[in-house]
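Let chain A serve as the given structure and place chain H on it in line with the hints.
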Amino acid sequence: MALTSAASPRRTGRRHPLATTALLVVGLLSTGGVYALVTTSATADTRAASAELVDEGGKLFAANCASCHGLNAAGTEAGPSLIGVGALAVDFQVGTGRMPMAASGPQAEVKPVQFTQEQTDAMAAWVADLAPGPAIPADRYLAGDGDASNGAELFRINCAMCHNVAGAGGALTEGKWAPGLANIDPVHVYGAMVTGPQNMPVFSDLNLTPEEKNDVITYLRYLDENPSVGGFDLGSLGPVSEGLFIWIFGLGGLVAVTIWLTAKSN
Amino acid sequence: MAEVQDGATGSAVQKHDDGAGAPATAVVRANRVANPGFPPERPRVTDLDPKKAKAAERTVTALFFLSIIGSAVAVAAYILFPIDESAPSTIRLSNMFIGIGITLGMLGIGIGAVHWSKALMHGHEEVEMRHPTRGSDETRAQAVEIFRESNAESGFTRRSLMRNTLIGAVVATPIPAVALFRELAPHEDPIALLRHTMWDTGVRLARDPSGTPIRASEVTIGSVFQVIPEGLTDLESHRIEEKAKAAVLLMRLPIDELNETEERSSWSYDGIVAYSKICTHVGCPVALYEQQTHHLLCPCHQSQFDVANHCEVIFGPAARPLPQLPITVDDEGYLVAQSDFTEPVGPSFWEREL
Numbered sequence: 000m001a002l003t004s005a006a007s008p009r010r011t012g013r014r015h016p017l018a019t020t021a022l023l024v025v026g027l028l029s030t031g032g033v034y035a036l037v038t039t040s041a042t043a044d045t046r047a048a049s050a051e052l053v054d055e056g057g058k059l060f061a062a063n064c065a066s067c068h069g070l071n072a073a074g075t076e077a078g079p080s081l082i083g084v085g086a087l088a089v090d091f092q093v094g095t096g097r098m099p100m101a102a103s104g105p106q107a108e109v110k111p112v113q114f115t116q117e118q119t120d121a122m123a124a125w126v127a128d129l130a131p132g133p134a135i136p137a138d139r140y141l142a143g144d145g146d147a148s149n150g151a152e153l154f155r156i157n158c159a160m161c162h163n164v165a166g167a168g169g170a171l172t173e174g175k176w177a178p179g180l181a182n183i184d185p186v187h188v189y190g191a192m193v194t195g196p197q198n199m200p201v202f203s204d205l206n207l208t209p210e211e212k213n214d215v216i217t218y219l220r221y222l223d224e225n226p227s228v229g230g231f232d233l234g235s236l237g238p239v240s241e242g243l244f245i246w247i248f249g250l251g252g253l254v255a256v257t258i259w260l261t262a263k264s265n
Numbered sequence: 000m001a002e003v004q005d006g007a008t009g010s011a012v013q014k015h016d017d018g019a020g021a022p023a024t025a026v027v028r029a030n031r032v033a034n035p036g037f038p039p040e041r042p043r044v045t046d047l048d049p050k051k052a053k054a055a056e057r058t059v060t061a062l063f064f065l066s067i068i069g070s071a072v073a074v075a076a077y078i079l080f081p082i083d084e085s086a087p088s089t090i091r092l093s094n095m096f097i098g099i100g101i102t103l104g105m106l107g108i109g110i111g112a113v114h115w116s117k118a119l120m121h122g123h124e125e126v127e128m129r130h131p132t133r134g135s136d137e138t139r140a141q142a143v144e145i146f147r148e149s150n151a152e153s154g155f156t157r158r159s160l161m162r163n164t165l166i167g168a169v170v171a172t173p174i175p176a177v178a179l180f181r182e183l184a185p186h187e188d189p190i191a192l193l194r195h196t197m198w199d200t201g202v203r204l205a206r207d208p209s210g211t212p213i214r215a216s217e218v219t220i221g222s223v224f225q226v227i228p229e230g231l232t233d234l235e236s237h238r239i240e241e242k243a244k245a246a247v248l249l250m251r252l253p254i255d256e257l258n259e260t261e262e263r264s265s266w267s268y269d270g271i272v273a274y275s276k277i278c279t280h281v282g283c284p285v286a287l288y289e290q291q292t293h294h295l296l297c298p299c300h301q302s303q304f305d306v307a308n309h310c311e312v313i314f315g316p317a318a319r320p321l322p323q324l325p326i327t328v329d330d331e332g333y334l335v336a337q338s339d340f341t342e343p344v345g346p347s348f349w350e351r352e353l
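Note that the protein sequences, when read in sequence, are chains A and H.
Residue numbers for the first sequence follow numbering that gives the first Met the number 0, so the first one is 0 and each next one is one higher.
Residue numbers for the second sequence follow numbering that gives the first Met the number 0, so the first one is 0 and each next one is one higher.
Incorrect hints may have been included.
To be verified - Okay, derived cross-link-like pairs now, EDC-like style, lysine to aspartate or glutamate, Cα gap no bigger than 16 Å in a straight line:
1. A:K263 to H:E125
2. A:K58 to A:D128
3. H:K242 to H:D207
4. A:K58 to A:E117
5. A:K175 to A:E108
6. A:K110 to A:D184
7. A:K263 to H:D46
8. H:K117 to H:D207
9. H:K117 to H:D46
10. A:K263 to H:E40
11. A:K263 to H:E124
12. H:K117 to H:E40
What the hints assert, rightly or not - Part of the chain A face toward chain H, derived, beta carbon under 10 Å:
13. E173
14. N225
15. V228
Calculated from the structure, these hints are not laboratory results.
Owing to the predicted nature of the structure, the values given are computational and were not obtained by experimental measurement.
Where a beta carbon is used, it is the ideal one built from N, C-alpha and C, also for glycine.
Bound-form chain H, shown alone:
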């Protein structure tokens, strides 16, 4: 090892002379603690007692034998417990026995191999020192020579036009992939999609999943209806996306328990209120309605909304009340939307005002 230079800071960077001199780390403390080395090697019971070694050998053999049996069990289980498509419980038996067989087959090999190496292979502790990573001067000179020769043969620096067109071609190849990835983005403006739902003036409120419209007279006090816009079930495409935005919960409260603000007093009908079912936190469906407390609970992060007070947040991480759908009744007695939601439903997004 080289000389230690003790500077003011207590450490110094050792000067690097050549590759052969200092293979280890460069920083050395003057008052360093001496390496205590390894504790004295403890012989294992299998080293001392041939009977124990024999027993370990038998254990390993038994484990490998168990593995063979396990593999056979898996094949036998596949034959003995076939899956009957009309009886789902047969899947359970088949999976269980095949799984037990394969587990025995693999764990038998694994545990046996580890036990073999730990108990029977030689147990001497060894230290392998790190090698310097720098190549010898000859190999370095050889590498330089290879580069020089191949440059001379190919004319990579001499024939510059050909080289530059190659570089240009390589740069151009990923461009089609960029164009293809662009296809993954929505065709329409995603922000406009987030702002609007299927609800519109005169769209009837319909039951999920049947799509039958709901009359105001059918919503008894304490009722809750899972609502989709009428016409959703007839959509040819994007039905799930539209449902995910337009899902609404319809509730009827005793009219004296409903506190409505002046500007929203026309948004309900005879104690019947409709609110977006999409949580304003991260968009889980909020549908755990308690009809006595008029609280709505989101099952994902326990946000609570007070339906009696325009779904204001009374607990949890949601930042905004659930958007209210203004509703009224058409001349046939069916509940209809007065308009779309007046604000985007669901969680916040970058371009959202508010």
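For reference, chain A alone in the conformation it holds in the complex:
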């Protein structure tokens, strides 16, 4: 660069024999450098785990999780193996308070979160260090700035049968249920889709791309920010709560009016 740009008007047409090579080298280095910079920043979370964090996570795991999942996370009769579940599964299960479980039952329930985010990150780093698995996604896939209507269509096709079209949740078999999705942290929505916690099926990035997941997150955010246009949504449970309402208050009102119409005045 310096060689060519430094050339004065008098020396136009004359170039150092190495100028082209130098230009190529500089160009290649800069594109490669920029590319490396961009890609590492996008997947920084996956490789950020320092050895110290992993150690810390290992201690926390041994103290809090190993009784069910086994000391080396290979699983026992009480809990499944965590090898290959990835950091995202840990972030979802621990970050929503589902793990550690208070008692075994049909389904792990959401409880007050037991660990700080740093402790959760440490355990996630330790589990991710065991075997590769789904990592925490880049922030741009959690921003909720995607296409809400596309997200709504994907939600209706893939999620609404269990979670209700308005994300109100619903019942499954034998005491299990699909939780409501109001005001859920986007990383947990994303984590649930990728890792398929408990009885939820997996919606990997090969099924719904990260952009499509962001659209779904956008739709859920839209639901959070825009209350039901119809007024009282009665839990958005559809015909059950609405039918109950009209049976009790609608028919009750009709009965009351009929009695009033036919009763003699005092």
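Then chain H, alone, in the frame of chain A:
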């Protein structure tokens, strides 16, 4: 009243002499309980106390006045809360206030009118006896005379050819309607439509709604894909009907948890199975999949199907397992159907064998 005839059965049909004699019912029991009549009439407070009557009058007036205010509120709400198409929440405010106004307007009139009649109009109980329905002999004779005269004037019985063609014309007029209603039926044989879907040998399994084909390698364990046949999104007509029949749920189970019969062992691919999403009970979409128990739940009537055992019914009203779509992989790695479903999908119909 006529004499009572007490027969062996304890009742007898009273002989009907003429129209004037017995207006009421014909069956009379000898030992019938005497009609106790009405209880003594109770005067209302508004009959006894002029102050109460005045208060009731004020209440009714207030209700009518409230109705006027309600109607005005509805018009004011229409102006004050316009619907902004870009902000759906404005619909709620507009509907709510207009609704409150109209409700006040109508209920005010209704409740006021009923209260007026109940509290202030005279409250004497009255009995109106039934009248005989038979006409007098004169009116009956008149009616016969009218028919006789109009027959004589029109020649309805005399000019029989003209009358018969009229009857024939009247009978013929609804026939075009029958032909038109026939148009509502499907052009094609509906039974054949129920037996076959878009799936065929080599049709790729594609994602709903985008229509992009699915590679076997993309279906990770525990995954569920909502599947349509490739080419469905390009259909010019009957797209919804075809989708309603061909919708498929694609799942991948750990291969050791999948119990397959001998003849169907080639219908899956590496633990990937595809089943019709249309419930065999009344056709709801069955898509509530539990990936640990491998149970599919129908949200309408709680039928449960066990995906690990060829979707056999383990609970609920469904009569048959969900039909399985035989799948394999083509040379580019995409999942394809081996054939159409081997049985009709969805609920039973009259002409279905089995």
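Do the hints match the structure? See the list:
no., hint, verdict
1, A:K263 to H:E125, "holds, 14 Å"
2, A:K58 to A:D128, "holds, 14 Å"
3, H:K242 to H:D207, "holds, 10 Å"
4, A:K58 to A:E117, "holds, 13 Å"
5, A:K175 to A:E108, "holds, 10 Å"
6, A:K110 to A:D184, "holds, 15 Å"
7, A:K263 to H:D46, "holds, 13 Å"
8, H:K117 to H:D207, "violated, 63 Å"
9, H:K117 to H:D46, "holds, 11 Å"
10, A:K263 to H:E40, "holds, 11 Å"
11, A:K263 to H:E124, "holds, 11 Å"
12, H:K117 to H:E40, "holds, 15 Å"
13, E173, "holds, 8 Å"
14, N225, "holds, 7 Å"
15, V228, "holds, 4 Å"
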